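Colleague: One letter stands for each residue in the lines below.
Number of protein chains: 4
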Amino acid sequence: MQEAIKRLRQFRDARDWKQFHNPKDLALALSIEASELLEIFLWKSAEDADPGRVKEELADVLAYALLLADAYELDPTEIVLKKIEINEKKYPISKSRGTAKKYTEL
Amino acid sequence: MQEAIKRLRQFRDARDWKQFHNPKDLALALSIEASELLEIFLWKSAEDADPGRVKEELADVLAYALLLADAYELDPTEIVLKKIEINEKKYPISKSRGTAKKYTEL
Amino acid sequence: MQEAIKRLRQFRDARDWKQFHNPKDLALALSIEASELLEIFLWKSAEDADPGRVKEELADVLAYALLLADAYELDPTEIVLKKIEINEKKYPISKSRGTAKKYTEL
Amino acid sequence: MQEAIKRLRQFRDARDWKQFHNPKDLALALSIEASELLEIFLWKSAEDADPGRVKEELADVLAYALLLADAYELDPTEIVLKKIEINEKKYPISKSRGTAKKYTEL
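Protein chains in written order, with our numbering: chain A, 240 to 345; chain B, 240 to 345; chain C, 240 to 345; chain D, 240 to 345.
It is worth saying that the hints were derived from the structure and are not from the lab. Only a predicted model underlies this, so the values are computations on that prediction, with no experimental measurement involved. Just to be clear, a hint being listed does not mean it is correct.
Copies of the same chain look alike in the list, so a pair counts if it works inside one copy or between any two.
For lysine to any residue, the following SDA-like pairs were computed, each having C-alpha atoms within a straight-line distance of at most 20 Å [what the hints assert, rightly or not]: (1) Lys321 to Ile332; (2) Lys321 to Asp289; (3) Lys329 to Glu286; (4) Lys328 to Asn261; (5) Lys329 to Arg248; (6) Lys329 to Glu317; (7) Lys283 to Glu295; (8) Lys334 to Gly291; (9) Lys328 to Arg246; (10) Lys334 to Gln258.
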């Protein structure tokens with residue numbers, strides 16, 4: 240992922256776009272891209288969604304997530320691993336097994 | 240990132256949650272998490288947003304993005320690098336430098 | 240608003256689209272349209288957003304909100320008025336005046 | 240709807256919240272509420288979603304949509320009716336009947 244972040248920075252800086260990339264607008268862009276990804280599934284079942292478009296839109300989502308992580312000097316892998324640890328306590332296996340009732344995340 | 244994906248799979252399977260994780264609902268979850276991240280910036284400027292909450296919500300966004308990539312057998316780093324190549328053609332430096340006019344993504 | 244709901248139903252039924260309009264997909268469509276509205280403000284300040292586009296996208300948001308209300312046989316005006324009453328208790332003037340700290344909604 | 244808009248203005252002004260309600264943040268709030276509505280349907284079919292929660296979250300969506308319409312001095316009913324006219328041309332009955340293929344909105 241470090242390679243991807245490096246390339247995203249280069250892409251941005253070659254276009255002098257850092258001026259637009261304040262964290263609030265990056266969060267907007269991330270949410271907008273996640274919504275474009277969601278649109279691929281609108282009015283249809285998962286099987287009928289176009290995998291090629293999923294690949295493209297998911298790449299956009301990841302790109303903005305990495306740029307936002309970079310803006311806060313966060314390591315993407317590290318924060319995911321830490322969040323899993325938190326969720327392991329929040330959703331103990333004994334109480335969570337086979338039920339989506341209580342959790343709205345992860 | 241491979242380590243994070245492996246741990247996310249383990250977390251999910253220990254709770255028998257794969258049954259809920261069809262790609263359409265994963266895309267919903269991703270969009271919902273991106274919106275929770277956005278909420279941290281609501282009614283305020285980027286400087287006033289809480290970095291600790293950004294870290295937590297961004298981790299959730301990344302987690303679902305990785306699970307969705309995994310569902311389609313996509314390599315997260317690879318699809319981001321490929322998308323940058325596409326965008327390099329779509330937004331040539333000479334025409335894109337310093338202007339956010341034409342692009343709505345990346 | 241009753242006139243608008245009536246016309247939305249006619250538009251939908253003339254195209255035989257009710258089959259796609261289950262509440263889950265209507266909620267997806269509403270969220271996607273709200274995101275398209277948000278995109279008008281991306282990378283810019285509110286003053287630089289195009290009011291003509293706001294009008295178009297806001298109309299889409301309202302259309303899906305009305306269709307969803309209709310699906311649950313809810314009166315749009317009535318549920319807004321009821322929610323204001325709830326929020327009047329939740330955000331008493333004495334504690335809420337001039338501060339956005341506590342509320343994330345309305 | 241005029242009654243609801245009037246009450247929303249009173250609610251906002253009694254708390255001196257107009258200072259936070261610039262159109263960009265109103266669009267953020269609208270998108271966030273639409274996402275909370277969507278969350279009611281996450282990991283489940285439409286039938287299993289809680290209608291009481293739909294009512295509450297849909298009211299929030301409508302409230303922000305009305306406040307945004309008000310900020311741009313738009314009549315909610317009027318813009319919906321106008322958008323239906325536009326969509327009648329965009330999606331002629333003869334070509335749209337029974338297919339969700341081409342349209343991503345309304």
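Colleague: Hint by hint, note whether the structure agrees.
Modeller: Against the structure, the hints come out as follows:
Taking the shortest alpha-carbon separations for Lys321 and Ile332, only the intra-copy value of 17 Å comes in at or below 20 Å, while the best inter-copy value is 38 Å. Proximity of Lys321 to Asp289 under the C-alpha cut-off of 20 Å is restricted to the inter-copy arrangement: shortest distance 18 Å between copies versus 33 Å within a copy. In this assembly of identical chains, the alpha carbons of Lys329 and Glu286 never lie at most 20 Å apart, being 32 Å within a copy and 28 Å across copies at closest. Proximity of Lys328 and Asn261 under a CA criterion of 20 Å is satisfied in neither setting, with 33 Å inside one chain copy and 24 Å between copies.
In this assembly of identical chains, Lys329 and Arg248 lie within 20 Å of each other by CA distance solely across copies; the values are 17 Å between and 35 Å within a copy. Only within a single protomer do Lys329 and Glu317 lie at most 20 Å apart by alpha-carbon distance; the minimum there is 19 Å, versus 32 Å between protomers. In this assembly of identical chains, the alpha carbons of Lys283 and Glu295 lie at most 20 Å apart only when taken from the same copy (19 Å versus 25 Å across copies). When the C-alpha separation of Lys334 and Gly291 is checked against a cutoff of 20 Å, the pair qualifies neither within a copy, at 37 Å, nor between copies, at 26 Å.
In this homomeric assembly, Lys328 and Arg246 come within 20 Å of each other (Cα to Cα) only across copies, at 15 Å, whereas the closest approach inside a single copy is 36 Å. For the identical chains of this complex, Lys334 and Gln258 are inter-copy neighbours only, at 17 Å across copies versus 47 Å inside a copy, given an alpha-carbon limit of 20 Å.
Comparing the model with each numbered hint stated earlier shows that hints 3, 4, 8 do not hold.
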